[in-house]
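Participant: Here are the chains, one letter per residue:
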Amino acid sequence: MPETISSTSPAPALWSELLLRSLAELRELFASSQPQLNPDSTDDFARMFEGGRRLAQMLEDPDSVASRHDLMNALAAIRGYAELLTEDLGAEFADLNEALLRLLKAAQAADSEAGTPSADSSPPQRAITSEPGFILAVDDLQENRELVARYLSRSGHIVVTAASGAEALSTLAETDVDVVLLDLLMPDMDGHEVLRRIKEHPEWRATPVIVISGSQDMEGIIECIEAGADDYLFKPFNPVLLQARIKAGIERKRWHDREEQYREQLERNEKFIRATFGRYLSDEIVTDILERPEGLELGGDLRRVTILMSDIRGFTTLCENLAPAQVVTLINRYLGAMTDIIMAHQGTIDEFIGDAILAVFGAPQRRDDDANRAVDCALAMQAAMDAINVLNRAEGLPEIRTGIALNTGDVIAGNIGSERRSKYGFVGHAMNVTSRIEDKTAGGEILVSDSTLQSLQGTFSTGATREIKMKGINQSIVVHQILGADA
Amino acid sequence: MSNRPILLVEDNELNREMLVRRLKRAGLEIITACDGQEALDLMISEQPSVVLMDMSLPVLDGWTACRMARQDERISQIPIIALTAHAMEEDRRKALQAGCDDYATKPVDFPELLRKIGKLTPS
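Those protein sequences? They're chains A and B, same order as listed.
Counting in the numbering used here, the first sequence runs from 1 upward without gaps.
Counting in the numbering used here, the second sequence runs from 488 upward without gaps.
Don't read these hints as lab results, they were simulated from the structure.
Positions of the beta carbon are idealized from the N, C-alpha and C atoms, including for glycine.
Please note that a few of the clues may not be correct.
[Stated by the list, open to error] Restraint-style ranges between C-beta atoms, simulated for each label pair:
hint, chain 1, residue 1, chain 2, residue 2, range
1, B, SER563, A, GLU50, 17 to 25 Å
2, B, LEU601, A, ASP188, 40 to 48 Å
3, B, ASP528, A, GLU50, 25 to 33 Å
4, B, LEU547, A, ASP188, 48 to 56 Å
5, B, ALA513, A, GLU223, 27 to 35 Å
[What the hints assert, rightly or not] When the alpha-carbon atoms are kept at most 35 Å apart in a straight line, the in silico DSBU-like pairs for lysine-lysine are as follows:
hint, chain 1, residue 1, chain 2, residue 2
6, A, LYS440, B, LYS606
7, B, LYS511, B, LYS606
8, B, LYS606, A, LYS105
9, A, LYS199, A, LYS271
10, A, LYS247, A, LYS199
11, A, LYS105, B, LYS581
12, B, LYS603, A, LYS105
13, B, LYS581, B, LYS511
Turn these sequences into a full structure, and let the hints guide you.
Facilitator: Here you go:
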């Protein structure tokens, strides 16, 4: 069996194909107009098709053409009945008549070509080579299915056939099909319905569908293309055109498959990143990272960030007078509200240590307004305390007050820990400095370091400035009270 | 045309039926045979006006039947048109040598066949 089909177009060098195609077309037309035909014509059609069947059988297995006589008998029957039918049908069945005339033309070509000894060695004129594909041919007429299967399997495609829309759908459910060749005119579930179901199905949607129409019904074809059909053919179709369209369809499918694979890979990566970062980064930052993967180095890098630390004043003392459940209610209410505010300001929550919150602005994604957002965040946190305390009072819980420290400096950000347990975190002197400032904040107060104040754009109203001596750090630093944002 | 029937000798039933229908439609009376021996018997008993004889026949092939017909004086004058699948000039000669009066290649050009029948059956 040759790797590629060598067919001719439009000259009917492969007369047998032209003839079989015309017969296939006639079978289709016959099927739809049979009820209007008289019994004689119906009989003639049956005999003509019988001749076609015999011819196809002989062509299928070239060794069986033991005698030219048999071949000619089959051709003679086809031609004779076709001529009879054209005499009988005439203008009343214009479609059938035209198809019969096409058949007769093909038969004449067959007659002259099959009559010459070189008939079977007609020169190849145009070959379509394509990657072999898995083709599903859907047609209610067996002869048509066999014809298509013969064309396509000759060029190395694997062809499965379905005799009905329902059968086609169940084949699709079982196998990964590259291209669907879909006859539109079928009983029960017609081609339009099959097309609709394919294009509605999340997994089949991308499978290219080539619709085949028996009549030159452009309107119907346009409808199909609107419904998602990828290509179309009119019967009787040129085998080279069929090959070309199948090839294009297979290529489309392959592209889609590769794209799909790539997309799945990306999705897996995204899932991983969301799972890894989602717990302590706002959605926005995670999305940001995902959109610009090159902007995120997990290896650990030096970054300038603004660090926020907050702490409930006197929390340890408060807890001594509360039941454990009350402590948990109190702290969860507070941390919950604070988390929302920090995330809303695109801060990265590094960790909670008891009632203390450590958050960072500027990692993993640096922005120009990191310091501003950090200060805005701190102001919002303080502003939210009133509402928390209203709830606390209502439940008989003590009111709480928090102190917030902000510092801007360089830290090393990265996945810190061991292989078994690691998290995105920060280390560096600036972290320690922030912690020392935090120690000095009073309830309801926001203290920012000099470096943070200098990083701010716009103006904030500041209160007292003071110098802090810090344990273990051999220098004192200047901090400023932030009272609010200037409108 | 003559009121004697035309004898069609053809073993392929699809073609036989087809030709019978077409010939009848052309106003001719048809009898049929399926092999060479049956053809000879019918030629003797029915004296057809013309014989349309397929050459590849079972039991007794067309070539032989033709030769035998030509040697049998009861039927030696009945014109025979050979129907063959062979379009070669040599086949044509072979058919004429066997005693056929004319020759038509399958698939037959029906109007042409009718002309040939008409020529051989003077009214």
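Participant: All hints are to be evaluated individually against the structure, with a verdict given for each.
Facilitator: Each hint, compared with the structure:
Look at SER563 of chain B against GLU50 of chain A: about 37 Å separates their beta carbons, and that is not inside 17 to 25 Å. Hint check: LEU601 of chain B to ASP188 of chain A, Cβ distance near 47 Å, so the stated range 40 to 48 Å holds. Between ASP528 of chain B and GLU50 of chain A the CB atoms are about 29 Å apart, so this pair conforms to the stated range of 25 to 33 Å. As the Cβ distance of LEU547 of chain B to ASP188 of chain A is approximately 53 Å, the hint placing it in 48 to 56 Å holds.
For ALA513 of chain B and GLU223 of chain A, the Cβ-Cβ distance of about 47 Å falls outside the hinted range of 27 to 35 Å, so the restraint is violated. Annotation: proposed proximity of LYS440 of chain A to LYS606 of chain B is violated, straight-line Cα distance about 130 Å (limit 35 Å). For the suggested pair LYS511 of chain B and LYS606 of chain B, the alpha carbons sit about 18 Å apart, so the restraint of at most 35 Å is met. Restraint check: the Cα-Cα separation between LYS606 of chain B and LYS105 of chain A comes to about 28 Å, which is no more than 35 Å; the hinted pair holds.
At most 35 Å may separate the alpha-carbon atoms for a hinted pair to count; LYS199 of chain A and LYS271 of chain A meet this at roughly 28 Å. Annotation: proposed proximity of LYS247 of chain A to LYS199 of chain A holds, straight-line Cα distance about 20 Å (limit 35 Å). A C-alpha spacing of about 30 Å is found between LYS105 of chain A and LYS581 of chain B, which places the hinted pair at or below 35 Å, so the restraint holds. A threshold of 35 Å between alpha carbons decides the hint, and for LYS603 of chain B with LYS105 of chain A the separation of about 23 Å falls inside it, so the pair holds.
The hinted pair formed by LYS581 of chain B and LYS511 of chain B meets the criterion: a straight-line CA distance of about 29 Å does not exceed 35 Å.
Going through the hint list in order, the structure does not satisfy hints 1, 5 and 6.
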